[in-house]
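Peer 1: Spelled out, the chains give:
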Amino acid sequence: MMLKCIVWDLDETIWSGALRNEQNIELNKKAVEIIKLADASGIIQSIASRNDYDAATRLMTELKIAHYFIYPQIDVNISKVSSIRRITEHFNINTDAVAFVDDNPYELYEVSRYLPEVYTYNANDLSLLREYIAGLKGGLENRRELMLMREQRLNAELKFKGSREDFLKECKMVLTVRDACTNDLLRAKELASRANRLNNTRQRLNTDEIGMYISDSNKLMYVCELEDIFGSHGIIGICLLSICELLFIDLFCISCRVEGRGIGAAFLNETLHCAHRLNSGIKQAVCGYKPYEKDKSAYLLLKLLGFSVVNKGTDRVLMSSPLPVNCITPEWITVKMY
Amino acid sequence: MKEKIIKELYEILNDFGLANFGDIKTDAVLLGSGGIMDSLSAAQLIAGVERCFGVDIIEGDPDLSCLETIDALADYILQSERKML
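So the protein sequences, as listed, match chains Y and W. Heads up: the first sequence begins at 1 in the working numbering, then just goes up one per residue. Heads up: the second sequence begins at 1 in the working numbering, then just goes up one per residue.
Just chain W, same shape as in the assembly (with noise of 0.2 angstroms):
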């Protein structure tokens, strides 16, 4: 389940250039300190994951913590799934 949701979110960062990269790693830094995304290109992976999971992030998370990895926000994306059944 959460290697699926891993899949679907590299598709989401693909869609906008950010995984042209090949070595951004699930525990990768997204948002924070050395962090690959800034401001726009997180903004572009919140709607992208508002679009595929339904998931909210800045009302479920406003820390914003679940950015910080790949790894971290599947496991939210999860989370969040599993609250919502």
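Bound conformation, chain Y alone (with noise of 0.2 angstroms):
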């Protein structure tokens, strides 16, 4: 189970009482534990509830938690079922990475039978959910404001009166590609672990297995920050290469919170770039492809590289490409290689 966001219920939830009754409000002090403790782990989170939107929020920050949950989905006619749809949706994951938490049985069983993926608690016993998230290692612990950076840009972009290409110049996106450290193996850990779209293979690497790539001299470890006008987004990609004959892309993984910019290309090309300025002799790059059948965004990337499928196999495919690559990077991103 990789958990990225935790949906929450309200009434009787996170705190005990309904809203609407407006009396006997008080915060549930163990689902607030695990509201901190997840938060603190990298795990972000969101609401559910069929409630009033003002009187919910307002209360939510009187009660100094409101500041947890980003893009609430608090709707007196909206079912659970499709609130947990939207919240998937608009931060790009997937249902089976998703935690629900309810007091209603009723609520939990239509959940668990149109969302079968997610996971379902009951309220009233968090206490597998709490073993879990106290379990987990090395979570970005800033990612709440990571994604609150990425939510001031969606709101930005769906405000601005201009076209696509104006607003992303807009953004003065500078894109650092450098070597690979040690200091950078938890956080290049945690993407193998966690990236699910833009990742080649979705092999889940222990830091000594990437670790290899900084110290083997027949292998190469590229990392990229992003920084933009929202801020500094941190380490948001890798690429891990292998050398010989050929130039192995062995895997690459990028974060979706940066979806919708060309960063993954504009990494990538950078990347084999510099392999190639490296070891000019070598004439091909060759790049492994698991197919997800939830969503072809590796390949499609790949693609936009230049790269052809060269051989087809049931659960993998080869894609190749000369070097070096015919990509231009978006003119909305400036590329430093350090």
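One or more hints might be untrue.
Computed spacing ranges between beta-carbons, pair by pair [said to hold, decoys possible]:
id : chain 1 : residue 1 : chain 2 : residue 2 : range
1  : Y       : S232      : W       : D56       : 37 to 43 angstroms
2  : W       : K7        : Y       : G162      : 22 to 28 angstroms
3  : W       : D75       : Y       : Q152      : 34 to 40 angstroms
4  : Y       : E245      : W       : K4        : 48 to 54 angstroms
Here are the computed lysine-lysine pairs in the DSS-like style, where the Cα-Cα straight-line distance is at most 27 angstroms [said to hold, decoys possible]:
id : chain 1 : residue 1 : chain 2 : residue 2
5  : Y       : K169      : Y       : K219
6  : W       : K25       : Y       : K161
7  : Y       : K159      : Y       : K169
8  : Y       : K312      : W       : K83
9  : W       : K2        : Y       : K159
10 : Y       : K36       : Y       : K64
11 : Y       : K29       : Y       : K137
12 : Y       : K29       : Y       : K219
13 : Y       : K169      : Y       : K336
14 : Y       : K137      : Y       : K30
15 : Y       : K219      : Y       : K159
16 : W       : K7        : Y       : K159
17 : Y       : K29       : Y       : K64
18 : Y       : K159      : Y       : K172
19 : W       : K83       : W       : K7
20 : W       : K83       : W       : K2
21 : W       : K25       : Y       : K172
22 : Y       : K161      : Y       : K172
23 : W       : K7        : Y       : K161
24 : W       : K25       : Y       : K169
25 : W       : K25       : W       : K2
Keep in mind the hints are simulated off the structure, nothing from the lab. The beta carbon of each residue, even a glycine, is placed where N, CA and C say it ideally should be.
Each of the two chains sits in its own frame; use the hints to bring them together as a complex.
Peer 2: Encoded structure:
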């Protein structure tokens, strides 16, 4: 299980009592403990509640918990199933990375019926959820801040009056591509564990396996960091390469937080150019791709870079491109190489 | 027929925010050099086309040339629908 998001109910879950009764509202201490633990472990959190939006968000602010939740879905007319679907689509995550907490057996049943991949927890017994979160290691502690930056960008995009290209240029994106160092290993492992969509093989490597790409002279490892007008996003991509007669892309993973801006193509484009400059005798790059029914983003990224399918197996596709790759980085991204 | 397909394509693009910008013409480059889509948004569009039209772009057009413009994509969907009849 790789939990990326917890969706909480409000009445009789995060707080005891019901908002519409306007009495006896008290925070559920066990729920709040888990909310804080999840936040510190890099799990994003949202709300699915059949309540009045303004009243609920006002109370959440008064109780000093509103800041833990992003993209809350609070509407008396929307089912929890629909709310969870909206939340997963908004965050670009799959339903099997979501936990849902509610006190109401009907709501829990309905979610498990229509979204069977979602992990459901009764608010009256959160021990297993707490145990899972307490056992997590190495999560991005500031993930909520990073997701809030993403919300800022999405809201700015909605309000922008002009072309999409103009908006992207206004974001002033700077992508720094550099050799990885040992300090990057924990974050690299987290990316390899979490990224599903922009991940060519979805191999879940540990820090020792990733570390080999730093220490082995026949291997290369690059990371990329992104900054824009919304702030610094930290390391958002890794690329692991092996060098022999060909240049093998063993693994690439890019965070979905930075979707929609051509970052993946810019990073891999620069990485392949760097690797080729160091090994100019190599004329071909090869990349394995594990087809993923739920999403084709990694395949499309390779196609954008100019890779073509050379071999198609039942669970693995081999793609290849001549070097140097023939891909142009979008002009709204400034790439710096260190 | 093609106009109806184009209208539905704009609705799909709108679903993931790409059509918020009013100037996406039917001949604007979607995927490719200078295109407005990247791999993730292209994946969303392909999934949307599959859902709405039952057309599998990756299988039918592995070079993805139909994703060059909205016009090209509408033509591709129309051709695929005619083959299915």
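Peer 1: Determine for every hint whether it applies to the structure shown.
Peer 2: Hints, one by one, checked against the model:
1. S232/Y x D56/W: 37 to 43 angstroms: 40 angstroms, holds
2. K7/W x G162/Y: 22 to 28 angstroms: Cβ of K7/W to Cβ of G162/Y: about 24 angstroms, so the range 22 to 28 angstroms holds.
3. D75/W x Q152/Y: 34 to 40 angstroms: 38 angstroms, holds
4. E245/Y x K4/W: 48 to 54 angstroms: 52 angstroms, holds
5. K169/Y x K219/Y: Violated, at about 35 angstroms.
6. K25/W x K161/Y: 16 angstroms, holds
7. K159/Y x K169/Y: 15 angstroms, holds
8. K312/Y x K83/W: 25 angstroms, holds
9. K2/W x K159/Y: Not satisfied, since the Cα-Cα distance of roughly 31 angstroms exceeds 27 angstroms.
10. K36/Y x K64/Y: Given pair K36/Y, K64/Y holds - Cα atoms ~12 angstroms apart, limit 27 angstroms.
11. K29/Y x K137/Y: Holds. K29/Y to K137/Y sits at ~23 angstroms (cutoff 27 angstroms).
12. K29/Y x K219/Y: 50 angstroms, violated
13. K169/Y x K336/Y: Holds - the C-alpha atoms of K336/Y and K169/Y are around 16 angstroms apart, at most 27 angstroms.
14. K137/Y x K30/Y: Roughly 21 angstroms separates the two Cα atoms, so the pair holds.
15. K219/Y x K159/Y: 45 angstroms, violated
16. K7/W x K159/Y: 23 angstroms, holds
17. K29/Y x K64/Y: 13 angstroms, holds
18. K159/Y x K172/Y: 17 angstroms, holds
19. K83/W x K7/W: 21 angstroms, holds
20. K83/W x K2/W: Answer holds: K83/W to K2/W is near 15 angstroms, not above 27 angstroms.
21. K25/W x K172/Y: 25 angstroms, holds
22. K161/Y x K172/Y: 17 angstroms, holds
23. K7/W x K161/Y: Distance of about 22 angstroms is within 27 angstroms: holds.
24. K25/W x K169/Y: Distance of about 20 angstroms is within 27 angstroms: holds.
25. K25/W x K2/W: 15 angstroms, holds
The earlier numbered hints that this structure contradicts are 5, 9, 12, 15.
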